[in-house]
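> Sequence:
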Amino acid sequence: MAQSHLLALRSTCQRLSVGATIVKDNRIIAGGYNGSVAGEVHCIDEGCLIEDGHCIRTIHAEMNALLQCAKQGVSTEDATIYVTHFPCLNCTKSIIQAGIKRIYYAEDYHNHEYATKLLKQSGIEFKKIPFSPEYVAKYLTKG
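Oh and the sequence shown: position 24 is 24 in the UniProt record's numbering, straight run, nothing missing.
In short, the hints are calculated from the structure, not lab data.
Please note that a few of the clues may not be correct.
Straight-line Cα separation of at most 16 Å, EDC-like style, residue types lysine to aspartate or glutamate; simulated pairs [to be verified]:
#: 1; residue 1: K71; residue 2: D52
#: 2; residue 1: K127; residue 2: E107
#: 3; residue 1: K101; residue 2: E134
#: 4; residue 1: K101; residue 2: E125
#: 5; residue 1: K128; residue 2: E107
#: 6; residue 1: K24; residue 2: E107
#: 7; residue 1: K24; residue 2: E77
#: 8; residue 1: K93; residue 2: E125
#: 9; residue 1: K101; residue 2: D78
#: 10; residue 1: K93; residue 2: E113
What follows is a list of derived Cβ distance ranges for each label pair [to be verified]:
#: 11; residue 1: K142; residue 2: K117; range: 27 to 33 Å
#: 12; residue 1: H112; residue 2: K142; range: 27 to 33 Å
#: 13; residue 1: V41; residue 2: L9; range: 16 to 22 Å
All values derive from a computational prediction rather than experimental measurement.
Yeah, the Cβ is synthetic: ideal placement off N, Cα and C, and Gly gets one too.
Produce the entire structure from the sequences given, and follow the hints as far as they go.
So, in structure tokens, the structure goes:
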């Protein structure tokens, strides 16, 4: 989860910083954060491009991580994804289709009722795991 929070620091979204880390066989296979598609201007530079209450310029952290696996030919079957915030409905559907079996998230964020229903129907474990930066700092300063 700490890795996902570090990735969120790279977000170029002004509205919410999100990070995602995909792990398989106890190994990180991909990471992503929310921001503009490659070559496009960033929201932090020109503001969000809002339609129907959503920034249409931004690609979500979960999708960035999944697409990184797709580009590199890395299977996500039976993997785990750690996300700073509960995935939106579209990311939830993509996570299910990618074969990911576990979702751990630190914060609730507009948790969609249908997303929760799909996860339960698909047998995917999803669990909120609070994140404590203080715990990480304490761990890192152990001498």
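> Hints first: check each against the structure and report whether it holds.
Consistency of the hints with the structure:
| no. | hint | result |
| --- | --- | --- |
| 1 | K71 / D52 | violated, 30 Å |
| 2 | K127 / E107 | holds, 10 Å |
| 3 | K101 / E134 | violated, 29 Å |
| 4 | K101 / E125 | holds, 6 Å |
| 5 | K128 / E107 | holds, 7 Å |
| 6 | K24 / E107 | violated, 22 Å |
| 7 | K24 / E77 | holds, 8 Å |
| 8 | K93 / E125 | holds, 14 Å |
| 9 | K101 / D78 | holds, 5 Å |
| 10 | K93 / E113 | holds, 13 Å |
| 11 | K142 / K117: 27 to 33 Å | violated, 42 Å |
| 12 | H112 / K142: 27 to 33 Å | violated, 40 Å |
| 13 | V41 / L9: 16 to 22 Å | holds, 20 Å |
Comparing the model with each earlier hint shows violations of hints 1, 3, 6, 11, 12; every other hint is respected.
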